[in-house]
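Visitor: Note that the protein sequences, when read in sequence, are chains R and U. Residues in the first sequence are numbered from 6 upward in steps of one, following the working numbering. Residues in the second sequence are numbered from -17 upward in steps of one, following the working numbering.
Please note that a few of the clues may not be correct.
Residues from chain R that face chain U, not an exhaustive set, calculated with beta carbons under 7 angstroms [stated by the list, open to error]:
no. : residue
1   : D197
2   : L205
3   : G206
4   : R209
5   : E216
6   : F272
7   : A275
Keep in mind the hints are simulated off the structure, nothing from the lab. Glycine residues also receive a C-beta, built at the ideal position from the N, C-alpha and C atoms.
For reference, the chains in residue letters:
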Amino acid sequence: MSVQAEQPVVVPARTDTSGRAASRRRRRLRAFLRNPTFIAGAGILAVFVLLALFAGLLFPGDPQDMVGQPLLWPGQDAEFPLGTDSLGRDVLAQLVYGTRASLLVGVASAAIGLAIGMAVGSLAGFFGGWVDTVLTRLIELFQTTPTFILVIVIVAIAEPSMPMIALAIGLASWPTVARLVRAQFRSLRESDFVMAARSLGYSRLRIIVQEILPNALPPVIVAASVMIANAILTEAGLSFLNMRDPNVVSWGGMIGDGRDQLRTAWFLTALPGATIALAVLSLNLVGDGLNEILNPRTEP
Amino acid sequence: MPLLSVDGLSVAFPGHAAVREASFSLAAGETLALVGESGCGKSVTAFSVMRLLPPNARVVSGRILLEGADLLALSESEMREVRGAQVSLIQQEPMTSLNPVLSIGLQIAEVIRRHEKLSRKAARARAVELLDLVSIPDAHRRIDDYPHNLSGGMRQRVMIAMAVACRPKLLIADEPTTALDVTTQAQVLDLLDDLRHRLGMAVLLITHDLGVVAQWADRIAVMYAGRIVEQAGIEPFFAAPLHPYSRGLLGARVDVDADEHYSTHRLTEIPGNVGSAAGQAGCSFAPRCPVAQPACRQAVPPLVGLGDERAVACPVTVSSHSSPLLGGEAR
C-alpha cells in the first residue's frame, strides 16, 4: 500500500466533479462486469427475481387450484408444460409462485440475521472487555445449537406462518454475521482513522456507524448472499417436514407433496429440487463474485 | 497564563511508568518540540493531553490545564467538545489516518459540522477553502477524491485541513512527517508553520528529528525514559545543550557543514540503551552518562530552572553551570 502511494497518482483531467464521480462509478461497474462468476450468478438470480415479481401476471389465479388431470407428465399436455401433481395442480405455476415464497423468506431472514448479527458483533468488537465476554458467550450459545433444530423449535412453538419462519431462520443464523463483524471491528477499532475520528471529537456511536461499519461491510455482504441461500434451504427443509404455511406454495412443500409419487412421477420432486439447487447456486456464485470484487487484495 | 500547562503528569501502564512527573507549558502561538527516542513517553504525553490513552494506561497524577481548565477533570462528553475544536491531533501515518470509504471533502465537512452549526453546502464550501489553505491544487475538483487517489504528502495535507478546520488553539503533531520522504517533509512542516502564524495556534511538535526541531520549533523539551530532562529555547539549546543526554544526541549527528559523512566519519554514540536504568534508583540516564557521579544513582534529579526559560535535570550540569565556565551562556 505504501509502495503504491509513493507513485504519482494519475487522475484523468475532468472538467467538473460530477464527471469524476461518474467515471468512478463506471469503473466500479466495470469491475462487476469483468467478473464471470458474478455475472452468471446475478443472471440466474435476476430471472428468479423477475419470475417472483411477475408470477401474478404469468399465472393468474391461485397456483393451488386444481386445474387439470392429476399426474400429467411434462410435455404431455401443452397447457401444463411441466405437468401436474397428484391433485391436478400446475407444477410450473407452483414453481413460479414458490420463487416468491423462497426469495421472500430468504431475504427477510437474512435481513433479520444481519441486523442482529451486526448489532451484536459491532458492540462486542468495539467495546471489548466485559461487553465482549458476555456477547461472545451469547454468540457461542447460539452457535452450538444446531441451526435447523433451533428453527424447528421456534416454528413449533409459534404458528408456521411465513413471517414466523423468516424470523426463526433469522434468529438462528445471526451468530455467523456477529462473529464476522466482531472480528472486523476488533481490528478496525485500533486503526489510525478511528483514532483520528476520536481526536476530532466524534461520539462512539458515530464512530461505530459511520467510520467502522462501512469498512467492515465487504465480508458481511459476501456472507449475506450465502445466508439467503442457506435460508432458502432451511425453508425448503421446513416445508418438506410440513412445517409450512399451508396457504403459500413453496419449493420444499412441493418436494414434500411429491414424495409419495417418488417412483411413479419422480419429476414432482426432481423439478423443485433442481430449482432449489439452481437458486442456491446462483446466490453462492454471487457471493463468490462479490468476494473477488470486494477483496482489496484483488483490486487493480 | 500559558495556553497549555502540563503539571507533574505521570502516566502508567500495567507494570511500568511511561511518563513520570512531566511538566511543561506552551504559550499561545508557540511551537514546542517534544523530543526523545522511541518509547520515552513523548507520544503518551501527547495522547494524555487529548485524553486518548489506550484503555490500559492510567494517568496517575498531574494536571493538564488548557487555558486554566483542567482537561483531566472534564467528563467524556465535555472532552469531545474540546477535541477537534480546541485541541487537534495529527498522526504519524497519513496513509491510514483517513477513512478509506469516505471522500476527503465529506470527511472535512463532517468535522466542521460536528463542531459548528453549518449547512451541508456551507460546510462543503469551507472544506474547499480548507483544501486551498493546505495548498492542495485544484481544491474544488479534488474534494470528491477518495484517500486512495492521493499521495502520502497530499493525505497528510488533508489530515492537517481536518485538524485545523475548527481553528483549534492547540495542534498536536505526533511525528507528522516520519512517514513522508524528505522533500515532502519540508513542505508539510512549512505548511504547519505557515498555518500556525495565520491561524494563531500553538503547536506541540513531537519528533525525534533534531533537524526538524532546529528549523521549525521555538522551544524544545527533551524527554528521556519518561522524564523531561531539559527545556530550552531553540538557539541556546543548539548552541550549548546542557544535559549529558542532549549533548549526546547532538553529538550523534552528522555535521554536514564540517564536511562529515557517515561513510567517512564514525558517528559518536551514546553507550548503552534506554533500558539500562530499569529498576534502578536515581537518574535514569546515569548508567550511560559520561559525567555521572555516585550521587546521581541515589535520587532522581529535579528539573532545575536556570533562568531564560531554561531548565535541566542534572545536578552535575547545574553545579558547573553556575560556575563561570559556562556562564557566558546565561544571558
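Visitor: Hint by hint, say whether it matches the structure.
Guide: Hint check results:
1. With its C-beta approaching chain U no nearer than about 4 angstroms, D197 of chain R sits inside the 7 angstroms limit, and its interface hint holds.
2. Annotation: interface hint on L205 of chain R holds; nearest CB of chain U at approximately 4 angstroms, less than 7 angstroms.
3. Annotation: G206 of chain R was flagged as interfacial toward chain U, and the flag holds, the nearest CB pair being 4 angstroms apart, inside 7 angstroms.
4. Because the beta carbon of R209 of chain R sits about 9 angstroms from the nearest beta carbon in chain U, more than 7 angstroms, this interface hint is broken.
5. Below 7 angstroms, beta-carbon pairs count as interface contacts, and E216 of chain R has one with chain U at about 6 angstroms; its hint therefore holds.
6. Interface hint at F272 of chain R: violated, since its Cβ lies 49 angstroms from the closest Cβ of chain U, which is beyond the 7 angstroms cut-off.
7. The beta carbon of A275 of chain R comes no nearer than 46 angstroms to any beta carbon in chain U, farther than 7 angstroms, and the hint placing it at the interface is violated.
Of the numbered hints given earlier, the model fails hints 4, 6, 7; all others are met.
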